[in-house]
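Let chain A serve as the given structure and place chain B on it in line with the hints.
2 protein chains.
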Amino acid sequence: MELRVIGQKAKDASFLLGKMGSAEKNRGLLAAAQEILDQQEKILAANAIDIEHAKAKGMAQGLVDRLLLTSARIDGIVEGMRQVVGLEDPIGEVISMKQRPNGMMVGQKRVPLGVIGIIYEARPNVTADAFALCFKTGNAVILRGGSDAIHSNQAIVAVIRDGLRKCGIPEDAIQLLSDTSRETATEFMRLNGYLDVLIPRGGAGLIRSVVQNSTVPVIETGTGNCHIYVDETADFDMALDILFNAKTQRIGVCNACESTLIHRSIAKDFLPMMKNRLDEKQVEIRADEEACAIIPEFVKATEEDWGTEYLDYIMSCKIVDSVDEAIAHINKYNTGHSEAIITSDYDNAQKFLNEVDAAAVYVNASTRFTDGFEFGFGAEIGISTQKLHARGPMGLLALTSTKYIIYGNGQIRK
Amino acid sequence: MELRVIGQKAKDASFLLGKMGSAEKNRGLLAAAQEILDQQEKILAANAIDIEHAKAKGMAQGLVDRLLLTSARIDGIVEGMRQVVGLEDPIGEVISMKQRPNGMMVGQKRVPLGVIGIIYEARPNVTADAFALCFKTGNAVILRGGSDAIHSNQAIVAVIRDGLRKCGIPEDAIQLLSDTSRETATEFMRLNGYLDVLIPRGGAGLIRSVVQNSTVPVIETGTGNCHIYVDETADFDMALDILFNAKTQRIGVCNACESTLIHRSIAKDFLPMMKNRLDEKQVEIRADEEACAIIPEFVKATEEDWGTEYLDYIMSCKIVDSVDEAIAHINKYNTGHSEAIITSDYDNAQKFLNEVDAAAVYVNASTRFTDGFEFGFGAEIGISTQKLHARGPMGLLALTSTKYIIYGNGQIRK
Numbered sequence: 007m008e009l010r011v012i013g014q015k016a017k018d019a020s021f022l023l024g025k026m027g028s029a030e031k032n033r034g035l036l037a038a039a040q041e042i043l044d045q046q047e048k049i050l051a052a053n054a055i056d057i058e059h060a061k062a063k064g065m066a067q068g069l070v071d072r073l074l075l076t077s078a079r080i081d082g083i084v085e086g087m088r089q090v091v092g093l094e095d096p097i098g099e100v101i102s103m104k105q106r107p108n109g110m111m112v113g114q115k116r117v118p119l120g121v122i123g124i125i126y127e128a129r130p131n132v133t134a135d136a137f138a139l140c141f142k143t144g145n146a147v148i149l150r151g152g153s154d155a156i157h158s159n160q161a162i163v164a165v166i167r168d169g170l171r172k173c174g175i176p177e178d179a180i181q182l183l184s185d186t187s188r189e190t191a192t193e194f195m196r197l198n199g200y201l202d203v204l205i206p207r208g209g210a211g212l213i214r215s216v217v218q219n220s221t222v223p224v225i226e227t228g229t230g231n232c233h234i235y236v237d238e239t240a241d242f243d244m245a246l247d248i249l250f251n252a253k254t255q256r257i258g259v260c261n262a263c264e265s266t267l268i269h270r271s272i273a274k275d276f277l278p279m280m281k282n283r284l285d286e287k288q289v290e291i292r293a294d295e296e297a298c299a300i301i302p303e304f305v306k307a308t309e310e311d312w313g314t315e316y317l318d319y320i321m322s323c324k325i326v327d328s329v330d331e332a333i334a335h336i337n338k339y340n341t342g343h344s345e346a347i348i349t350s351d352y353d354n355a356q357k358f359l360n361e362v363d364a365a366a367v368y369v370n371a372s373t374r375f376t377d378g379f380e381f382g383f384g385a386e387i388g389i390s391t392q393k394l395h396a397r398g399p400m401g402l403l404a405l406t407s408t409k410y411i412i413y414g415n416g417q418i419r420k
Numbered sequence: 007m008e009l010r011v012i013g014q015k016a017k018d019a020s021f022l023l024g025k026m027g028s029a030e031k032n033r034g035l036l037a038a039a040q041e042i043l044d045q046q047e048k049i050l051a052a053n054a055i056d057i058e059h060a061k062a063k064g065m066a067q068g069l070v071d072r073l074l075l076t077s078a079r080i081d082g083i084v085e086g087m088r089q090v091v092g093l094e095d096p097i098g099e100v101i102s103m104k105q106r107p108n109g110m111m112v113g114q115k116r117v118p119l120g121v122i123g124i125i126y127e128a129r130p131n132v133t134a135d136a137f138a139l140c141f142k143t144g145n146a147v148i149l150r151g152g153s154d155a156i157h158s159n160q161a162i163v164a165v166i167r168d169g170l171r172k173c174g175i176p177e178d179a180i181q182l183l184s185d186t187s188r189e190t191a192t193e194f195m196r197l198n199g200y201l202d203v204l205i206p207r208g209g210a211g212l213i214r215s216v217v218q219n220s221t222v223p224v225i226e227t228g229t230g231n232c233h234i235y236v237d238e239t240a241d242f243d244m245a246l247d248i249l250f251n252a253k254t255q256r257i258g259v260c261n262a263c264e265s266t267l268i269h270r271s272i273a274k275d276f277l278p279m280m281k282n283r284l285d286e287k288q289v290e291i292r293a294d295e296e297a298c299a300i301i302p303e304f305v306k307a308t309e310e311d312w313g314t315e316y317l318d319y320i321m322s323c324k325i326v327d328s329v330d331e332a333i334a335h336i337n338k339y340n341t342g343h344s345e346a347i348i349t350s351d352y353d354n355a356q357k358f359l360n361e362v363d364a365a366a367v368y369v370n371a372s373t374r375f376t377d378g379f380e381f382g383f384g385a386e387i388g389i390s391t392q393k394l395h396a397r398g399p400m401g402l403l404a405l406t407s408t409k410y411i412i413y414g415n416g417q418i419r420k
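Line by line, the protein sequences are chains A and B.
When you line the first sequence up against the numbering used here, it's residues 7 to 420, in that order.
When you line the second sequence up against the numbering used here, it's residues 7 to 420, in that order.
Excised from the complex, chain A in its bound form (with noise of 0.2 Å):
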């Protein structure tokens, strides 16, 4: 179908869902979480498809564990989109009203962005994810899935839409390209006036080319070369166990700690202790020449190891005279997600919430907790990585706009 017919279909579909009560809304919900559950046997046979296609292609593992549905994981969408259900709807709310010298009353309403793109690579999770906090914010979504899953996006989008249009509700509220191709995925990327707003989703090679090729407005989310700085001051023990829980607990995710920075005067006592601690898990660490000198085993870095996001068991590692050099490091080679100096000096502490850019600082704590679920939203539709519209984990807030209404009885301008 011509992109621009799939477009006109959503911003229409849009008008209603604007127009929604969260009762309403809630029932789509469940509906279609329950078709999803009704016909679960359709869904599992598409994806057997795409799993088979993809073991004959020589997918790695990792990929086709990704790409697997199965009876527990359907089970979970399902939890998902319920949960999504329990959230407060933030459309409607008129967030200002303020009276004008002139008697008019000039507020400020939340209102659905109106249409959402999503370009994602091979998770048929996120088709089912993605929809449910588009919809319960009023959007209507076109979903842009990999050619990889192409069988099992199909197969929750139908069912989707019987669960909506079973309830009066307007099916294209979901909509999902067919055509995989790089050339309609390039001519997605540029359907102005149609498309409210793009939300990339994946590796930062598919972020990378949305920003590079996208006309419609996009949320860069993303990758994180994400940094921990150990001041002077701090406890070494609250370090260890930060340290290693933020690179070792999960190392695929854009919250994972890459380099660690560590300050001079404690470099000698706390380095053999760092390194014991992450051999647990044969953490390789880069680290420049003068911590190669205290600890031989470790690998010398070059500069491209301070802007690497490893996503892996690796680590670089630098020493630095303070926390303002820390500072100044981590503003050069972070990519603005999540940064965390771990100290007791309450100097320091404020120093780097205040200096470093990210779109989260921590004093104390894990980088790992940069989450929608962990930061309280009850949702995540991605981390943004700018500073425009939303910063950090997106909830559903971040997929509203707003509007200016403004209540008169006859004002003009003079």
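Don't read these hints as lab results, they were simulated from the structure.
Since the list gives no way to pick out one identical chain from another, each pair is judged satisfied if it fits inside one copy or across any two copies.
Straight-line alpha carbon distances no greater than 27 Å define the calculated BS3-like cross-link-like pairs of lysine-lysine that follow:
{"id": "1", "residue 1": "Lys115", "residue 2": "Lys104"}
{"id": "2", "residue 1": "Lys357", "residue 2": "Lys15"}
{"id": "3", "residue 1": "Lys15", "residue 2": "Lys338"}
{"id": "4", "residue 1": "Lys338", "residue 2": "Lys306"}
{"id": "5", "residue 1": "Lys357", "residue 2": "Lys115"}
{"id": "6", "residue 1": "Lys48", "residue 2": "Lys15"}
{"id": "7", "residue 1": "Lys287", "residue 2": "Lys420"}
{"id": "8", "residue 1": "Lys172", "residue 2": "Lys25"}
Computed from a prediction, not measured in an experiment: that's the story for all the values here.
Structure of chain B alone, referenced to chain A:
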């Protein structure tokens, strides 16, 4: 100078500006304003060169007037900068802080966007104005003004930098691209990693070009195809006053009315009165067949008229059957700027406010109020017609982002 060098200088300056308190920023603003007064001869001399070139190349009188600086206009620029000093500084405010179940405190703090790019046309007053708003919010700004104003802009920027330098503030808080070529503009729009946002200020062509070419996040400002719907229950006098004001008070602005929709049941009575009132300013009415049948002097409208922002003494006019038809027409043809209903019916007022998709929706007031000063922000950097980040008139708040700040005492993720 190479663009990335300019970008790096701005980024370095932005880190210093982000640390400044309001008192220091206000001191810088006052020093820059004073310097403009003190060195106004230099600015006027530079402007005289631009004016001479403009006249030599036959620039239209209206554009020459917008380019012209006089001693009185410089007083106005200085006065505007001093007013920004009096505005509340939004930076540093912690807008939320909640405790998580694990004891960690998660808060959100207002911070500058960082580096803001402004692309604008030959209006030298924008140079000082944009600087003042960006600087007040701790942002570094890189300006790319039109080639016709290059001497004026260079003089203003040099003088502002003198003022900043004299009080020890990094002068790279403001930089101007001296190369006004199209190629450099395009390169500027792709300065990812240095520019946090790009704001185009100017006509539809400029804005379209920035949206099409930019890979940096853009705030689209802009065009306004604004409608006024006169409901069957409208007070005719109020409707006439508001229509006259919105259409004719200032024709070349984005919040002027370009189209009116009239309820069928009042058309025969209202249209002659409307014609009489708008005849005072010789407004040409381009109307649908039915309206033309009532008033033969109306010009017959084409499909193109419904989507046209005239910025002239011309207005389109259509007869509709209901508030629903009015809303559907507006949501089809508008540019998401400002829309008004004139009514005394409660339900129709609420329906219009809820269902019209625009930055500002009015009941019984002129669309001309969509403006940062009229809304009480004390400033305006532009009027956003997109839904992301900021919508409607943008004051200081639109030039800020947030970051999450987290106070822990050793929390790790389970």
